[in-house]
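A.B. asks: Residues per chain are reported as follows:
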Amino acid sequence: MKSFLTRNVVLIVIMALAAALRFYQLGQNPPSLFVDEVSNGYNAYSILKTGRDEYGNFLPLVVRSFGDYNPPLSAYLLIPSIAAFGLNEIGVRFPSALLGTLTVLTTYFLAFKLLGKKKIALLSSFLLAISPWHLQFSRYDHEANFMVFFGVLGVTLFLNCSKNLRVLVASTVLFGLALNSYQGAKIWIPILMATVFLFYHKEILSFKYKLISPFIILFLFCLPIILNFKTSLIRGQSVGILAQKNPLETFITGYLAHYNPNFLFISGDSTGRHSIPGMGELYVFEAPLVILGLLFLIGQKTMGPKFILAWLLVAAIPPATATPTPHALRGLSVIPIWSIIAACGAYVILSSKIKDNFKKGITVALILIASYNIITYFHLYYIHYPKEKALDWSDGYKEMIQTVDNIKDDYSSIAISTYYGHPYIFTLFYSKYDPAKYQSQSADKTKFAKFEFFGPSWKKTKPGKALVITPPWQAHPDNVLKQIYSINGDLRFTISQTQI
Amino acid sequence: MKIILIIIFSAIILVQANPSLPICNVNTAKQAIPPRIFYEQTIDGKDQNILLTRFLHNKIGIYASEFGKCYANVFDPNFIYHLLGAIGLVTWFYFVYLIAKRRLYPIIAILAVLPMLPFLKFSPLPILLIYKLFAIIGLAFLLSKPK
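In order, the protein sequence lines correspond to chains A and B.
Counting in the numbering used here, the first sequence tops out at residue 500, every number present.
Counting in the numbering used here, the second sequence tops out at residue 1147, every number present.
Just chain B, with the same shape it has in the complex (with noise of 0.2 Å):
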């Protein structure tokens, strides 16, 4: 009975859509810069001691914001949930919980370098498969947990 519903929930989730992930990458992180440096100086005036400006407002920081903008949109639960569906949201949480649990750090770290591609302007196809493949097998240790 386990076995049927882990392929039927299996299939759901492998048939579900590959929602496409927001055009943010390092092209778009540069293209940024420009702009939010000149109205965020143009905002502190000029009365501002011109060190804080420049602390506050200038690349490194602009460059990291986007770069976070970019990463949390792989880990957005609205884009997991439509890559996988409700079942398989929950399935992929639980096994993220399992590794963290398991403490099995090779795989924590593929899930940590993954955003990396669509930022560097790779195919964001390995994330979709692999999420997929990551709510399986969550959906798998789920079903066959002992009560």
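Chain A with its partners taken away, still in its complex shape (with noise of 0.2 Å):
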């Protein structure tokens, strides 16, 4: 054991910075729970208190919300995280921390399997753990990242099973639980697949007949998108780029935008919930350590590194048939990939063979820009960002429901403007209201028990006081209870009452 601890410890200690980093204040930053981190934790709750979702179906194949039918792994991953930690902002994104922070490890064996380098190997675990694009990902529900968890894992246990069929059946179910976490992972994972079948035939070929078996579980798998066809396509056809006018030219843009420097080092993602503004989706002291990764992989005749390159070069597909683009959510599948291709950088410069006080110039520059940028980016992430994209984070909501939670008695109706959003899954979520009572009026999303949600306007239906709660814009009774402001100060909702 002793010998295990001395052996690993710089492994153990990046594993310990990559937990710090995924679960510090993992329930206050991001600022609230987005309406989808919102739903897949209701459902979870429903699920594991009724064994029905919010609809009412028992134990679904495809969990439906807002329009959208998505894959069922993330509300079951949720559950045992809602059982233990309750149905807040712990028991939802707790499972997100815990398998990324496992994607380092995982990253660290891939690594270690594809080029051989224990060095490259921690290198990569290393700027995985810090990297923005995956902390960002890491420290919310986002079925995406469970897909990159068990993508890598299916691959990694799959370069390790030598001719071991468990360990072919074991890293077959990886993939099939991975196709079966996000919409996207039904385009990536048979990419990914393929990729490895690319390689690998061989060693997949040698196992003749007793291919069987992984065939089974997967086609077992991939039931489920089978089963839910026509519902599968739903979300592609509302961002696939088939409805673009030119959908080839919409495809070979989208793709390269993902290879675009400015996307990769200095402004990242558009969308407020995947990237800090100001941050690109890598660090910029990478940019060299990328170049020269790169360089060095390509000088590379083994298989391993190849395999890296092709992966680099598939895993822009998927997001780039959809729009907008770039997308560091779609294209999360990638990042351990980069960390790999800039730890084989930093490798090369450490083990190069320039003048010692040249190459000593160059690591102390490196490493100065590099404490620059992380401290730059932990000052965005945990001061900026909360203030700034308060309101993509549905930032309010969880303070008004609780505030109407605790006076609903004293009212007949709750009247709940629809203006932010999908306000009933919020008061669902945060009143944690009884799922077996609910399932029964799901279908109407326009009210359930004494709440009521309007859009421009609301009329009164039912005799006695009534709770009117509006954005700021919004005209609303004249006695006004409490007004509820977001983080960055902005007013977000005024709580009114009508006096009969």
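Among the hints, erroneous ones may be present.
For lysine-lysine, the following DSS-like pairs were computed, each having C-alpha atoms within a straight-line distance of at most 27 Å [what the hints assert, rightly or not]: (1) Lys387/A to Lys1145/B; (2) Lys1030/B to Lys1059/B; (3) Lys118/A to Lys1030/B; (4) Lys1101/B to Lys119/A; (5) Lys387/A to Lys118/A; (6) Lys465/A to Lys447/A; (7) Lys1101/B to Lys355/A; (8) Lys1030/B to Lys306/A; (9) Lys1145/B to Lys389/A; (10) Lys389/A to Lys1069/B; (11) Lys1145/B to Lys117/A; (12) Lys1101/B to Lys387/A; (13) Lys353/A to Lys1101/B; (14) Lys113/A to Lys1030/B; (15) Lys359/A to Lys1046/B; (16) Lys450/A to Lys482/A; (17) Lys389/A to Lys1046/B; (18) Lys306/A to Lys387/A; (19) Lys360/A to Lys117/A; (20) Lys301/A to Lys1145/B.
Treat the hints as calculated values from the structure; they're not laboratory data.
With the hints in hand, could you dock these two chains into one complex?
C.D. replies: Set out below in structure tokens:
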């Protein structure tokens, strides 16, 4: 045990760092739960309590959410976490942070297997542990993060199967899980598996007739998609490039956009939830490392480096089939590869035969730039981001619902504006409304119990006092009970009551 | 046959329309500094340590970031694609790979310095021409590569 610890002390430190960065203030930053997290969380809570989702479907194989039909894995992964921590921010985000941390470990093994160098593997896992791109998606509940973990672990196990059928089966199970984790996985996982087959078909075909068991497993994991084929296509139809004027041109420009240095190192994704304003998806100091790493990998003759480069090239295909581009979320599957490439670049510098003083100079300069980059990133993430992007995270809903929940018994009806989107799910989530009661009334999203959700205007239909919750610009009764402010000081909700 | 292919593809690369780069130069970088400093320091707020605010939100950092944006524009794969077409894009990358592999430092230096032209408000035309030349040379090397 002691020798294991001393041999792997650096990896253990990296893992501790990865965990600390993913779990620290997990419930507070990002500042609130986004609507998809809330929906996923409530559906997991509903399945936990009743075995059915919010629509009353028993152990669903697709989870319906706002007209979309999502793969089920994410909701099921949340169940133990919500059972342990309750229906709150930690309960919803814990699985993502945990699997994000484990992706760092998996990347270590992947890099080691592909390149056979412990230094590169350690550097890869370190760069992934501090990666702004990976941290962003490991700190909130998003299925793409699960897909990355299961996909990377699936490949890593496959590379280690060396004619062991059990390991191959385990790898297939992981690919199957990844396939059922995220909409984009329906494109990415087949591409990843095809790439694996292209490079390692001799090893795969050497299993001969034994391949039947992985095939059956894979088929079983495809069943949720096959059985719900029509609904599986809905998301693709709404964001896919086929609706564009020139799909091929859109695909090519979208594909190339994911390799734009501005996207990677300077500006990042423009969607508020996908990156930090003022930061690229990777650190600026990684730019020279990526160039050196690419040259190092291109120069290698073995299979591993070629496989890494192929992964890099195919990873932008799924995000390019949808708009807008570049898209940090849909392109998340490439993130371990960027870390491995940058790690190769760092390895090239550390092992180069250039003059010692010159090498020291380059290393010191890189460390100084890296330190400045990293400090800036954490400052932007913890100080700026919650203030700048509070609106993107549906900030204000929690305080509003909790306020309403405390006084709701005094009113005959409670009307909430739909201006900020889907207030019903926030009401269910933050009031921990009994899922068994809700399932019977889930067809009508404009009301449940004494809650009513309205658009431009609301008309009173029941006798007695009513509570009206509006955004600041919307007309409301004169008697204002409370105003809810966002973390950045913006007024989000006005809670007022009617006289009678 | 190879020569004919090189001539045809070179012609295709040459006749591609010249896309314009986003306006990004020393002036736009300077203009970006005051609003960005004001915005970033305001978000930091009064309670933030003033030294930390100055360290993280200063003229040098913002100028460097704006310079980075302008510099990266010249290496945007979409810019290169619209300038050279799909084949030209591949052969351009092949040429860059060759000069890096063979350590042709003078050409690498040219490639590294080229993005300075539009940043310093010179015409970007040399970039367009040199990129086309690189793509054609890359094409010639790629097609004449022994099997």
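A.B. asks: Each of the hints needs a verdict: does it hold here or not?
C.D. replies: Outcome of the hint check:
{"no.": "1", "hint": "Lys387/A to Lys1145/B", "in the structure": "56 Å, violated"}
{"no.": "2", "hint": "Lys1030/B to Lys1059/B", "in the structure": "9 Å, holds"}
{"no.": "3", "hint": "Lys118/A to Lys1030/B", "in the structure": "45 Å, violated"}
{"no.": "4", "hint": "Lys1101/B to Lys119/A", "in the structure": "23 Å, holds"}
{"no.": "5", "hint": "Lys387/A to Lys118/A", "in the structure": "41 Å, violated"}
{"no.": "6", "hint": "Lys465/A to Lys447/A", "in the structure": "17 Å, holds"}
{"no.": "7", "hint": "Lys1101/B to Lys355/A", "in the structure": "20 Å, holds"}
{"no.": "8", "hint": "Lys1030/B to Lys306/A", "in the structure": "43 Å, violated"}
{"no.": "9", "hint": "Lys1145/B to Lys389/A", "in the structure": "52 Å, violated"}
{"no.": "10", "hint": "Lys389/A to Lys1069/B", "in the structure": "22 Å, holds"}
{"no.": "11", "hint": "Lys1145/B to Lys117/A", "in the structure": "32 Å, violated"}
{"no.": "12", "hint": "Lys1101/B to Lys387/A", "in the structure": "47 Å, violated"}
{"no.": "13", "hint": "Lys353/A to Lys1101/B", "in the structure": "16 Å, holds"}
{"no.": "14", "hint": "Lys113/A to Lys1030/B", "in the structure": "48 Å, violated"}
{"no.": "15", "hint": "Lys359/A to Lys1046/B", "in the structure": "42 Å, violated"}
{"no.": "16", "hint": "Lys450/A to Lys482/A", "in the structure": "20 Å, holds"}
{"no.": "17", "hint": "Lys389/A to Lys1046/B", "in the structure": "20 Å, holds"}
{"no.": "18", "hint": "Lys306/A to Lys387/A", "in the structure": "43 Å, violated"}
{"no.": "19", "hint": "Lys360/A to Lys117/A", "in the structure": "22 Å, holds"}
{"no.": "20", "hint": "Lys301/A to Lys1145/B", "in the structure": "18 Å, holds"}
In summary, the structure is inconsistent with hints 1, 3, 5, 8, 9, 11, 12, 14, 15, 18 from the numbered list given earlier, while agreeing with the others.
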